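Engineer: Sequence:
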Amino acid sequence: MLMATKLLGAVLPPSHGPSSFSSSTASAGLWAPRWGAVSSSKVRCTSVSVSQAVVNGQAAIGTVTDADRERQAGLLLTRRDEVDLPVALKATVTLRLNEEWSTTEKVAGMVHQRWLFLEFFSSELHPKTGKEMRTQPHAASYSRMDGAGSFVYEVTVPWSSLSDVGAVVVENHYSSEVFISDIEVQRPNGAVTFNCSSWVTCHAGYNKRIFFPLKSYLPSQTPEGVARLREMDLEAKRGNGHGERMLWQRIYDYAVYNDLGDPDKSASLRRPVLGGKEHPYPRRCRTGRPRCKADPSSETRATGEIYVPRDEEFTARKAGAFLTKKVTSTLSAFTTAQEVAGDRRRSFPSLAAIDALYEDGYRNQPDQQPDNLNGYFTDLLEKQVELLLKGEKEEVKEDIRKVFKFQTPEIHQKDKLAWFRDEEFARETLAGMNPLSIQLVTELPIKSKLDEQTYGPGDSLITKELIEKQINGAMTADEAVEKKRLFILDYYDMFLPYVHAVREMEGTTLYASRTLFFLEEEGTLRPVAIELTRPKSPNMPQWRQVFTPGSSVADSWLWQLAKAQVLAHDTGYHQLVSHWLRTHCCVEPYVIAANRQLSQMHPIYRLLHPHFRFTMEINAQARASLINADGVIESSFSPGKHSMLLSSGVYDTFWEFDKEALPADLIRRGMASKKDNGELELTIKDYPYANDGLLIWDAIKDWVSEYVSHYYAATSDITGDKELQMFWTEVRTRGHADKRDEPWWPVLDSHESLVQVLSTIIWVASGHHAAVNFPQYPYAGYLPNRPTTARRNMPTETGDMRAFLEDPEKVLLDTFPSQYQSTLALPVLNLLSSHSAGEEYLGVHSEPAWMADAEMRAAFERFNGRMMDIAETIDRRNKDPALKNRKGPGVVPYVQLKPNYGDFKDMTSVMEMGIPTSISI
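full-length UniProt numbering puts the first residue of the sequence shown at 1, with every later residue one more than the last.
Watch out, some of these pointers could steer you wrong.
Capping the alpha-carbon separation at 27 Å, the derived lysine-lysine pairs in DSS-like fashion look like this [claimed, not checked]:
id : residue 1 : residue 2
1  : Lys675    : Lys484
2  : Lys884    : Lys414
3  : Lys701    : Lys685
4  : Lys277    : Lys685
5  : Lys722    : Lys131
6  : Lys484    : Lys884
7  : Lys416    : Lys405
8  : Lys685    : Lys675
9  : Lys659    : Lys675
10 : Lys469    : Lys215
11 : Lys469    : Lys484
12 : Lys483    : Lys675
13 : Lys685    : Lys722
14 : Lys674    : Lys884
15 : Lys484    : Lys464
16 : Lys659    : Lys484
17 : Lys483    : Lys659
18 : Lys449    : Lys739
19 : Lys536    : Lys447
20 : Lys131    : Lys215
21 : Lys483    : Lys887
22 : Lys674    : Lys659
23 : Lys464    : Lys447
24 : Lys659    : Lys722
25 : Lys674    : Lys483
Listed next, with one range per pair, are the computed distances between beta-carbon atoms [to be verified]:
id : residue 1 : residue 2 : range
26 : Pro290    : Glu154    : 44 to 50 Å
27 : Met505    : Lys405    : 28 to 34 Å
28 : Ala852    : Gly109    : 33 to 39 Å
29 : Glu465    : Ala554    : 20 to 26 Å
30 : Thr129    : Ala852    : 29 to 35 Å
Treat the hints as calculated values from the structure; they're not laboratory data. Treat the numbers as computed from the prediction; the structure is a model and nothing was measured. For glycine and all other residues, C-beta sits at the position ideal for the given N, C-alpha and C.
Please construct the entire structure, taking both the sequences and the accompanying hints into account.
Structural biologist: As structure tokens, then:
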């Protein structure tokens, strides 16, 4: 490895360091520091070589010694006659400090010291030597504040009027990291803009960063003068795969999910490694922490912040995900609080007690309710919050306190009995928080693919006769299948293998379930039957039963209990699969691969980059406090400590990249089909998620198609793009390594295939995530409507009918989450459903590189106009009384996929704030 002094190159020993540079030295030279002998009408140029050392995510750039300059003297004279008159480059740098470092002392130091150095590279190579040409590092001087809390620095350097600026190297010799927003370089023939938006560390040896102008280039089109810098910057972000990562680094690498458990703390906190042959899973960001002593296959838990590359962290303390960090750490502390250990199983004493959770109602509950501990739990939680907020600004404190103040969820505001109604139960499969599980029934009987020797008979007990009875003889069951009138929520095969393991946990239960729906003439679904199954075991036979909406009081209560079980399944599946796995988890490998293989000047990097904003950070926080062993998800959602293992099973058997495109997903579930002319036809005409989602999908695809066509004139440009091909290869072979050999992976060999892949990634990160994330509190915030877990077996299984007949409401309350579980779940749902103040929205946020290109600016403006047209279309749909799944008494309008600017004044629901460009909460 190169010595640090060699890596630094131009950085002088401390006694002669940058802070002691004289003004004459700082302003010297075009390519070389000495040009006093050159007449004012000519510019002497020195060609230099770039020495590369990639350590800890920084590209170290060597400089030219005096001996080098003397050896190249002859070349300078050769170059002299070819160079035009010298001109001045005036560079303006906008930057800011980390807020934690923004003290008076720090600011004063920034203003008076000479610590920021810029080195400019020509886009050309030296015509004689074929080597890079660049200036010496020049010190920038403080100019002013910009009025928005940023510092503005300026530097002027001589330059050749014949040469374009191809890159700039920024060097930070201050005592803390700085965030470089942008660099504007003024030349006589126009300005060159560098949109940096990046942290530059102060750590010696790693404090140099390369930035490129806004013009995008495919690898084969890279200006020769910066081709090596392009590769160096990528090498810097790949790292060497060894050692523990430091928070200030910018290395992107892969690791399995082996940090969810904490076996060194307790054997009960051991969790299997996710990723590999036994438990296939996407890869996460490598942190390199030490291994556990009790289980060397597991990585130790982080004692502080979990590493993500520095630029993936949140850029402002007001960001919603900053609140996530604070809130989840509070809840994590709460889950281990000794005071609540003995009260975790206590049920709500009444439905009225649940209603009192909202709008601070728990404070006003009668003291004579001894079983109601919610006020007790909330008081404990408030103490944890206040403890955490010591020293915080008042505005931050208030933002966090809001998370623990539960407003009445929208579903309960609209209709107090919505949770009880079968119509709403069915409607939410199409327009609720998990509209991605409903599928068409294509044959009867419904069958299982699991081994009958292990689990018992798999053919459903929902018979044709039962179906025909429940639909009042409107048609035969076979006709209902043929006419595409039967639909199912099928949580049978994916839940059945975990039933016995979950039941071994105290205070919880699990069934495999099938829920059948019938499509009415008016376009709404009606639940027909629920089948619950407990698999056989060595000690007992299989148990299963079908429940239907009953005519008797007892049957009606049993139906409500069966619905509670199914809703817990659907809520758990939503959180673990529709939300976590299919968006957060599966997108992280795309983020890592893009940063490792696509240069910052690559047009596809610039297309995808806004859709990756904050995803790695929010995922790291999830590993810290939400999906970890004994974390919030395990403590309050089905199926408890087996949650992540279940998501691995679904990834193994269900996830296919090509099916993550919205049209392909709808076709896979039988919810759409292609007509002879290639157009998509929905099986249920009034399917709000699909209706609105397809508008968004088409708009994304058209925008991406224009973008791709602009940069790739021919198919050979795509197949010959080495960075693009390496990106896609790495997604498959490393990011999703356990599925690397699957035949369904697209090949990037045409305009169509590239557009489809990019559109799929963008859709998942924006539309898909918005559809499943922001409805969480509006729908699941009212616990009876979407219980996060079920705690009690059906009375018909246990034979405990006496308690059920005496007090069926108590049995239902005992089935719902406990007061403790609710206290954990509600703040998380409330938080996850919120939009941060600095959110960027699809069709609204534009990248500077797009705006710098006239054709791309026009294309994006068309995309923006299309999105606003979609918003108007959705508003019209929500006012149409014929669309009963989105309009009617007590019906919550479907606005989850309505484009918007994120303006709080324009919204009537948190769900219509707009579609964020990325998975940032």
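Engineer: All the hints need checking, so say for each whether the structure fits it.
Structural biologist: Evaluated hints:
Restraint check for lysine 675 and lysine 484: satisfied, since their Cα atoms lie roughly 15 Å apart, inside the 27 Å limit. A threshold of 27 Å between alpha carbons decides the hint, and for lysine 884 with lysine 414 the separation of about 15 Å falls inside it, so the pair holds. Under the criterion of a C-alpha separation no larger than 27 Å, the hint pairing lysine 701 with lysine 685 is consistent with the structure, at around 22 Å. For the suggested pair lysine 277 and lysine 685, the alpha carbons sit about 41 Å apart, so the restraint of at most 27 Å is broken.
Using a Cα cut-off of 27 Å, the hinted pair lysine 722 and lysine 131 holds, with the two alpha carbons roughly 23 Å apart. Restraint check: the Cα-Cα separation between lysine 484 and lysine 884 comes to about 19 Å, which is no more than 27 Å; the hinted pair holds. Restraint check for lysine 416 and lysine 405: the C-alpha separation of about 20 Å stays at or below 27 Å, so the hint holds. With a CA separation close to 15 Å, the supplied pair lysine 685 and lysine 675 stays within the 27 Å bound.
As the CA atoms of lysine 659 and lysine 675 are separated by approximately 19 Å, the hinted pair is consistent with the 27 Å bound. Simply put, lysine 469 and lysine 215 have alpha-carbon atoms about 67 Å apart, too far for the 27 Å limit, and the pair is violated. Taking the CA atoms of lysine 469 and lysine 484, the gap is near 18 Å; set against the 27 Å cutoff, the hint holds. Between lysine 483 and lysine 675, the direct Cα distance comes to roughly 16 Å. Compliance with the 27 Å bound is thereby established for this hinted pair.
With a CA separation close to 44 Å, the supplied pair lysine 685 and lysine 722 exceeds the 27 Å bound. Between the alpha carbons of lysine 674 and lysine 884 the distance comes to roughly 25 Å, so the proposed pair stays at or under 27 Å and holds. Taking the CA atoms of lysine 484 and lysine 464, the gap is near 15 Å; set against the 27 Å cutoff, the hint holds. Proximity of lysine 659 to lysine 484 is assessed by CA-CA distance (about 21 Å); at most 27 Å being required, the pair is judged to hold.
For the proposed pair lysine 483 and lysine 659, the alpha carbon gap of about 25 Å is at most 27 Å, so the pair holds. As the CA atoms of lysine 449 and lysine 739 are separated by approximately 21 Å, the hinted pair is consistent with the 27 Å bound. For the given pair, lysine 536 sits about 17 Å from lysine 447 by alpha-carbon distance, which is consistent with the 27 Å threshold. About 22 Å separates the Cα atoms of lysine 131 and lysine 215, which keeps this hinted pair within 27 Å; it holds.
Only pairs whose Cα atoms come within 27 Å are accepted, and lysine 483 paired with lysine 887 is accepted, the gap being roughly 25 Å. Between lysine 674 and lysine 659 the alpha-carbon distance is near 15 Å, which keeps this suggested pair within the 27 Å criterion. A threshold of 27 Å between alpha carbons decides the hint, and for lysine 464 with lysine 447 the separation of about 13 Å falls inside it, so the pair holds. A C-alpha spacing of about 26 Å is found between lysine 659 and lysine 722, which places the hinted pair at or below 27 Å, so the restraint holds.
Our distance criterion of 27 Å between C-alpha atoms is met by lysine 674 and lysine 483, whose separation comes to about 16 Å. Under the hint 44 to 50 Å, the C-beta atoms of proline 290 and glutamate 154, about 46 Å apart, fit the expected range. A hinted range of 28 to 34 Å for the beta carbons of methionine 505 and lysine 405 is consistent with their spacing of about 31 Å. A hinted range of 33 to 39 Å holds for the C-beta pair alanine 852 and glycine 109, which are about 34 Å apart.
A C-beta distance of roughly 22 Å is found between glutamate 465 and alanine 554, which places it inside the suggested range of 20 to 26 Å. In this structure the hint that threonine 129 and alanine 852 lie 29 to 35 Å apart at CB holds, the actual value being about 32 Å.
When each numbered hint is compared with the structure, violations occur for hints 4, 10 and 13.
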